[in-house]
Amino acid sequence: MSKEIPLPDAQPWRHQLFDFLYKWGMLLTVVALIALFGLASDNFLDPNNIINILRSIAIVTVIAIGVSISLSIGGFDLSVGSTASLANAIVVSLFVWYGFGTTGAIILTLLICTLVGLFNAFLIVVLKIPDMLATLASLFVIQGVAMTYSYGGSITQNMLLPSGDMAEGVIPEIFSALGQVPVIVLIMLAVTIVVQLYLSLTKHGRRMYAIGGNPEAARLAGIRTARYRVLAYVLSSLLAALGGILLASRIGSSQVNAGGGYLMDAVAAAYIGFSLAGSGKPNAFGTLIGAIILGVLQTGW
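Start counting the sequence shown at 24; every next residue gets the next number (the numbering used here).
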């Protein structure tokens, strides 16, 4: 005589509610904040204010996605702020001091800032220094390099050079357009989509997640962990450099430690992004939502 196997009871509604909030709580938070500030202020939902919010979070989002990539392999890049400052100084100086065109200045700046990622990878992968300590050290090193390169001051058009001559280079109009709406928002969205697809759909992205979850198991599975850790820090430095370039485009000059103020917001946005859709791991879409939350709070408060 066969025994009846009882079916498991349906999941209690409290567990279902918890799962729903765990997966989609961040999106609900964004909607709730927008509704709250919209009711509290007549101007919050004004199109111009929405544009200002999107413009204000674009640079933070790009830099924060770089932080998310470093987090995906179990690392942590604290040097993104100083890397953005270095890129900000280099790209403006290439225009003002050396008369570069837009394409050449951007490419050369990105290539130079790639060295920051390689330097971080050398400290972490080769010298075995813990990620946080290594990138904290490189934060101050790169910050010093940027300040030395800019002679400890701002770089602007028509500035007086240390030689006593007047800088004759100009910032191209096409470069200045990169930091304005809608271009800067489109760049932010493009970076978000590309990185999200890379991390979630490609074998390289899944390997980076595997390394972040259990590096020893990933190594035993045949994944070249050192190679992917180097790649993560190079990509992080490239996105930080892109953030610095967009900052230069937006303000039209280079300021001392201009990117330093973006570090904490970028880290916060990256960590907030862990919870999007209950992923429990770094992801670009979650980082974008985290940046939106920060932008809404800063604007509406």
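It cannot be assumed that every hint is accurate.
Derived lysine-lysine pairs resembling DSSO-like cross-links, with alpha carbons at most 27 angstroms apart [as the list claims (entries may be wrong)]:
1) Lys226 to Lys46
2) Lys304 to Lys46
3) Lys46 to Lys151
4) Lys151 to Lys304
5) Lys226 to Lys151
Source of the hints: derived by calculation from the structure; they are not laboratory data.
Here's how the hints hold up against the structure:
| no. | hint | in the structure |
| --- | --- | --- |
| 1 | Lys226 to Lys46 | holds, 24 angstroms |
| 2 | Lys304 to Lys46 | holds, 12 angstroms |
| 3 | Lys46 to Lys151 | violated, 36 angstroms |
| 4 | Lys151 to Lys304 | holds, 24 angstroms |
| 5 | Lys226 to Lys151 | holds, 26 angstroms |
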